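Engineer: What follows is the residue order along each chain.
2 protein chains.
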Amino acid sequence: MENTYVIGIDLGGTNTELGLVRNDGHIVARHNLSTKDYSSFPPFADDMVKAAGELCAAGDPETGWHGTVNDLRGIGIGAPNADPNTSSMVEPPNLKQFKGVSNFAVEFRRCGVTVPVAVDNDANAAALGEMVYGGATGMKHFIMITLGTGVGSGIVVDGKLVHGSTGTAGELGHNILIPNGRECSCGRRGCLETYTSARGIVQTYIEVRREMGAPADAKEHPGWIGPEVTDAEIHSITVGMAASAGDPLALEAFRRVGYWLGIACANAVTFSAPECIFLMGGPTKVGDPLLRPLRKSFDEHLLNIYQGKCRIEMSHLKTNEVAILGAAALVS
Amino acid sequence: MENTYVIGIDLGGTNTELGLVRNDGHIVARHNLSTKDYSSFPPFADDMVKAAGELCAAGDPETGWHGTVNDLRGIGIGAPNADPNTSSMVEPPNLKQFKGVSNFAVEFRRCGVTVPVAVDNDANAAALGEMVYGGATGMKHFIMITLGTGVGSGIVVDGKLVHGSTGTAGELGHNILIPNGRECSCGRRGCLETYTSARGIVQTYIEVRREMGAPADAKEHPGWIGPEVTDAEIHSITVGMAASAGDPLALEAFRRVGYWLGIACANAVTFSAPECIFLMGGPTKVGDPLLRPLRKSFDEHLLNIYQGKCRIEMSHLKTNEVAILGAAALVS
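These protein sequence lines are chains A and B, in that order. Residues 1 to 332 in my numbering are what the first sequence spells out, letter by letter. Residues 1001 to 1332 in my numbering are what the second sequence spells out, letter by letter.
Calculated directly from the structure, the hints in this document are not laboratory data. Quick caveat, the model's predicted, so the values are computed rather than measured. Built from N, CA and C at the ideal position, the CB exists for glycine as well. Warning: the hint list may mix true and false statements.
To be verified - Straight line, CA to CA, 27 Å or less: simulated DSSO-like cross-link-like pairs of lysine-lysine:
1. K96(A) with K50(A)
2. K309(A) with K140(A)
3. K1309(B) with K1285(B)
4. K1099(B) with K1050(B)
5. K99(A) with K1309(B)
6. K1036(B) with K1099(B)
7. K36(A) with K309(A)
8. K1160(B) with K1050(B)
9. K1309(B) with K1296(B)
10. K1318(B) with K1285(B)
11. K1036(B) with K1050(B)
12. K296(A) with K285(A)
13. K296(A) with K309(A)
14. K1036(B) with K309(A)
15. K1096(B) with K1036(B)
16. K1160(B) with K160(A)
17. K1318(B) with K1160(B)
18. K309(A) with K1160(B)
19. K96(A) with K1309(B)
20. K140(A) with K160(A)
21. K160(A) with K1140(B)
22. K1140(B) with K1160(B)
23. K1309(B) with K160(A)
24. K1096(B) with K1050(B)
25. K296(A) with K140(A)
26. K1140(B) with K140(A)
27. K1160(B) with K140(A)
28. K318(A) with K285(A)
29. K1285(B) with K1296(B)
30. K1099(B) with K309(A)
Said to hold, decoys possible - Chain A residues, not near chain B, derived (Cβ > 12 Å throughout):
31. G12
32. S40
33. F41
34. N94
35. T149
36. A169
37. A264
38. K285
39. R292
All chains should be modelled from the sequences, with the hints used to inform the complete structure.
Structural biologist: In C-alpha cells, the structure reads:
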C-alpha cells in the first residue's frame, strides 16, 4: 500500500505542536509554535500553515516522500472548545488572545490549503487516535476519559464519535457525581472533574492529610509529603510521586479518586455499553495506586448485566504522541 | 403512497397487547392475551401469531386492506429484557414462567411467519415510537425516559438507537445518582430508579410525611393522605392524586423527585447532547407538580454550553398507544 501523510496539530494554551504523521501511525517529524506569542488568530494560522509546509518539504526520509501541504490527505487539529461542525474554536478559556471565533477552515483556505481540514476538541481527537492508531482498533463502542487540568471525554458509538445536536457532546467531566458536592470551575457543584482532575487529586490529598495527620511511621516513607510543604505548594505530580513511594496519605487520596472515577465509569456504561473505557493524561501515570481502587470500584458499581463485558485500560498510545496522533486521526 | 401495515406487540408481565398499525401511526385494531396464563413460551408464540393473523384477516375497514401475517411489513415486539441482537428475552424477571431463552424469531418462523420480526426492550421501543410516530420525528439526538415500576431509557444518537457492545445499552435507571444512597432492586445503591420510579415516589412521600408530619392546614387539602393510610397502603397514584389536589406533603415529594430527575437529565445531556428528553409513564401523568421542579432542577444543573439547547417534554404519544406504536416502529 502506498504511504499517505497527514499533519496533526495539537493546539494548547502554551504550545502548539505539529506533526507529520504517516498512515501507519509513525510521527515522522514535529514542529513547535509558542501559542501565547500570538495576539490574534490570522498570523497564528499563517505560521501553522508555513510550519506544515516545511514539514512536508522535508518529507519522510524513510520512504522518500515529500511535497507541499496540498499533497497531504488533510490537516487535523485538536483544540480546546473546538466545534467540528463549524471548524472553529469559540472563545476558548485558556486562549483569550483569540477573541471571538477562530475558524480553521476559513483561515487555512486563505493560506492556500486545499486539502481537507478537520477540527475537534482534544478529548474527541484522543478517542479517534485510539481508534485509528491505538488500542481501540476495530472497536465499535468505547469511551476515552482524559484526566488533566480538567476531565475530558470522547465517546464512540457504532464506530463514530458522538457529537450530539450541539457538536459538543461528551463532557463527562461535568457529569454531576455528588449532588451539591465540591465547587466546580463551571459554576456548578459536584462535577466529576472536581474529584478526579489534577486539582481534584490535590484537594483530596489535602482533605486526607487534614483528616489523618502524619502517618505513625512517616519516616519509613521517603515519599511522605511533610508538613513543611504547604497546601498551596502541592501539585498532583507531588501526590503521584508520594503514592508511588508508598506514602499512606497519598495512597488514600488515590484510593478515593479511584473510587469516584469507578462510579463515573460504571455510570457511563449504563449509557452506551462500551467494550472498553480508556484512560489517559498526567494523573493516570501513577498507575496501580489509581488503577487498583478504580477497577475495584468499577466492579462494585457496575450493573450486573454489564459485568465482565467492559474493561478499563490505559491508552495504548505514548503520552507524547497521543495528541498529535489524535489530531491526525481526524483526517485519516 | 400505498398504505403498509405492521403488527406491534407490547409484551408485559400480566397482559400482552397486539395492535395492527397503519404506516400513518393509526392503530386499526387490537387484541389482548393474558401473558400469565401461559406456562411456557412456544404455546404463547402460537397464540400471538394466531391473534396477529386474525387482526390481518379482519384488516383495515377504512382502506379495505386485509391479508395474512406475511402481507405485513413485519412484526415488532417490545418486551422486558429483550435483546435485539438475538431476537430474544433472557430470563425476564417478571416472566419467570418463560424459563431460559425465549427466541421470538425462531418461534415465529416455526409458526409460519416469513416477514421480518424485530425485538427490543420496551423503553427502546418507546423511543423509536416517538421518532416514527411522535414528537421526535426528524430528531437525530434525543432520549426517552420511562417512569414506571422501574425507570427505563432509550437513547437515540445520529438517528439510531444506542445498543452498545452488549445490545443492552441505555439503562439510565441504574445510573448511580447518589453514591451509597437508597437500596436498589439491582443489589446496588443510589440508582436513579430508587428515587424516581413509582416506588421511589412512594418512598419519598413516606420520608416527607415522617419529616414534616401533618400540614397545619390539612383540612383545607382534600387530597391530603391522612394518618389512617399506612405506609404500606400508599401507591404512587395516591401520591399523584394528593399532589394534584394540592397536598403540600405530596407536592414536596414530587419536588424532590423532580429535583433528582433534573440532575439525571442534566447528566444525560453531558453524554449525547440531545435536542430533547422525552418522558413517559404513569408517574409523569401528575404533570406540573413533577414537571415544574424537574425543569427548574434541569436548568440549574445543566452545563452552560448546553443551556437553551435541550428541552424536556412529555411524550407526544397517547399513553395507551405508545407501547404498541413503539413495538410497531421496530419494523417501520
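Engineer: Which numbered hints turn out to be false for this structure?
Structural biologist: When the structure is compared with the hints, numbers 7, 8, 14, 36, 37 turn out to be violated.
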